[in-house]
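K.L.:
Next come the chains, spelled out residue by residue.
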Amino acid sequence: MTTHADGRYVGRRRPLQILSKAEVERIHEAALDVLAGTGVMFHSDRALDVLEAHGATVDRETTVARIPASAVEEALATLPGAFTLGGREPEFDLPIDGEHAYLTSDGCATMVREADGGVRPSVKQDVYDAARVVEGLDNLSATSALVSAQDTPDESRVLHEFDACMRASRKHSIVVSIKDAAEARPLIRMAEAVAGGAAELKARPTFSVILCTVSPLHMERFGMELALELGDAGIPMMLYPMPILGATAPVTPAGTAVVGAAEILAAVTAIQLAAPGAKLVHAGGPTALFMRTGSYFANVPEALLLRALQGQMARYWGLPSGLGWGGTKAKQPEAQSAYENTLGLMLEMAAGADFCFGAGLLDSVQQMSLEELVIADEVFGVVTRLLRGVTVDRETLAVDLIKRLGFRGDYLFEQHSRAHVRELWRARLGETGTYESWQNAGSPRLEDKARAVADGILASPAPEFPAELAREFDDIIAAVESGRF
Amino acid sequence: MAYADKCYVGERVKFGLLDETEVKQIHEATLDVIENVGVKFHSHNALDILEASGATVDRKTTVAKIPAAVVEQAMSTVPHEFTLGARNPEYDLPLDGEHVYISSDGCGVFYRDPVTGEVRSSRKEDLEHSAKVVQALDNVSATSAVVSAQDCPPETRVLHEFDACVRNSEKHSIVVSIKEDWEARSLIRMAEAMAGGKEELRRRPMFTTIICTVSPLHQERYGMDLALTLAEAGIPVSFYPMPILGATGPITIAGSAVVTNAEFLSGATLVQLAHPGAPVMHGGGPTAMNMNSGAYASNSPEALLLRSCQGHMADFYGVPAWYGAGATTAKEPGIQSAYENALAMFMAYANGADVTFGTGLLDGSRILCLENMVVDDEIIGMVRRILTGIEVSEETLAVDLIKKMGFSGNYLFDKHTRAHVRELWQAKLGETGNYEGWKNAGARSTTEKAQEKVAEILAAPAAPFPADLGAEFDAIIAAAAREAAAV
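Chains as they are written, first to last, in the numbering used here: chain A, 1 to 485; chain B, 486 to 972.
A few of these clues could be false.
Derived BS3-like pairs: lysine-lysine, alpha-carbon spacing no greater than 25 Å straight-line [to be verified]:
no.	chain 1	residue 1	chain 2	residue 2
1	A	K403	B	K509
2	B	K550	A	K403
3	A	K21	B	K499
4	B	K545	A	K403
If you're looking for bench data, these hints aren't it; they were derived computationally from the structure.
Bound-form chain A, shown alone:
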């Protein structure tokens, strides 16, 4: 059977080196220095307990744990090797093994940009529509609550968002807005229903969770109880530092890398020591502050370099990487969103990211745009081909063929061309024909073509969702909403 992941195979990459090996080690050493000398604030007794038991110096009043290098080393040694993100259907399982490259939708926006440019607050239907579009795009591999389901109750919103993603798509789903262990339990129950049991969920986790750290050096919103709950259930956790250059971290990129590294290592250490073998991913989205307007930027080159560097640091530590991507400042689908996001995607993927998290948003992750999902699908197709690189062997060098054809440009009719022509990348969205044919088609703008693709997907039938699963989802959500869960 050909699976979705087969189409996402890129093989062993020759990763872009953002820093030399010696420089990577220097960042690592500096982070260890900060962890041992300054420490990290944990706001969780369970985290402090486990760290203390492994040699950290803990101050219960300030909740600061100073973590020795030995504890970090011990924790890194228990990281699992390759693992799989489960799809709703096994056909969409995503092996995280360094040889596949995936792209997912982004999360947490609150506004929706409509086809006519109008902007309005988001509702559950938007989460569903976005996941439908993700389902319909070959180069996107996981859904997420691209926007918040603001028309659902606070206490069950995460469940409604997951519900919308699962009903709309057979792909893996990433949960972003979860805050505590109480929310995790019904979510895990829903996922167990999808996977077919607790053991099955552990083997093929239907969802993964993003856990943000707070720069500088806080694990504040990072509920240790939540992490342990998720770790027990085998749910992968994407650890997501978001230092801002010049605001919550040094303005020099290397210094921000140290803060990010310290936060990642602290989170990895606490979780691995408490739940050895927990599936962890180096995620993260450093940004730079734009001093004049006070707004921050995900797509300035310094932030892009730092995001890509995370991929290199992750390899050094033996962690997979799922990097934050796509936070264009553009206010509509246009040239700016295209060049910013494209450079970021190429850079992060070339640096070795297993996946990037972040298609479908504009205006610094505030507005959902279905067009952007479709554009990301096209660009990622090109990037994927570039990641696969060049094969140099007897067959591809084709010296005998070159000698035989000599000075005649007749390659088109050769067996060798027929044998390899299907390997060539093909545009699905971009213009490839003549100017006249484009004009005759009404001179379509790319953003309009992208919208038409999204509309076409939404007009086609949704993937079937088993009725008993739907009932189970409804029951779990109703139980939570009536306080019976």
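Assemble the complex: chain A is given as a structure, and chain B must be docked to it using the hints.
P.N.:
This is chain B only, laid out in the frame that chain A set:
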């Protein structure tokens, strides 16, 4: 600070697309082809030089089979670094592997009106305008005949194009459409007048020529005779193979890399044999054919990968790398042109390009779109900052600062931030503010803002051009026209 300092990237963030073994495999396959199949040189002059140096030449078929030893001997004299001169020395461009540049593109035949979107045949005034735009954009380093001056007589068109470029810009210029030896002689005279003499021109060549080879394995008469004339005058020559994957080269990237490399290497060998030490560049703009429409695309990923292979080959031979990047197949400025050109530029430079050629054309290098140069200027600025990478030092790691700040996010007000904040890249074109600010400012797209920038540039006066030089140019062009009429 010289202009080139703005284009400095130092030891750049680089791709390991090919490893040493693979580079060697391509090199050896190339030597095998050049020695055993040979290359067709449609120039007696070229065949004479090659034969005298040990190549086996068939005068009837015009094929020269060049032994590997001859190629290797010839390549031992290529210069590894040289400078592209500009009318104003401030804009000289050192090619040393530590700077990256983009020029405008070449050979388009249409102009797109930014307001109406109407497309018409190109004229000399379009070149005057594009040269002004290049001059005004910090990140675009050289002019070129981005479109053809079709309103000028064919016999002096190249001279008019060069004239339009250098009168409206103080930057280096790239000449693409030159064909005849006598055109080259007039051009060299114009450039000598700019540089202040023969020797000065050799030291600071005012223009570079792109010489297209013809795939598979042909060197045109024009190209080779020209290359020899130009090399003698010290004008850098960029050999520019343009194989089409699966049509005029193998469909597999590595195979077309061999064809491309054979064309470069045979041209460079000829030039080095005739004029040891003459500056040459490993250029090229390979494309992939869309098998459905028959159209070819220079920004397809396979074409970008093939160019990237060339970057590694150039590195192997120690010559500057010079690639096509920016020839989007988009029909209008916007999303497709932005993502295609961004990827093309990033791939070119991350794989070793010193110069990319170039910006300004749409529809597969046919339609001039001035505002797209402004967008590319912004993109190349980002790419250059990315290539520069992350500096790791005690000062930039700032461990003491991180320890001092501890758990409070007050970096904004620290001296360290003030000391380094100006190092951060700044957008010139893209949106940086909030949604309301953008809406209140008229909800303009990047393309619209770029159009306004073009209008602003064109409304300002061009950089002054010395009157005596202008008179000399006019006289050279008039003489060339007379000469052509007499033939």
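K.L.:
Compare the structure with each hint and give your call.
P.N.:
Against the structure, the hints come out as follows:
1. K403(A) to K509(B): Between K403(A) and K509(B) the Cα gap is close to 19 Å, so the pair holds against 25 Å.
2. K550(B) to K403(A): holds, 12 Å
3. K21(A) to K499(B): The given pair, whose Cα atoms are some 14 Å apart, holds under the 25 Å limit.
4. K545(B) to K403(A): holds, 19 Å
Of the numbered hints stated above, none is contradicted by the structure.
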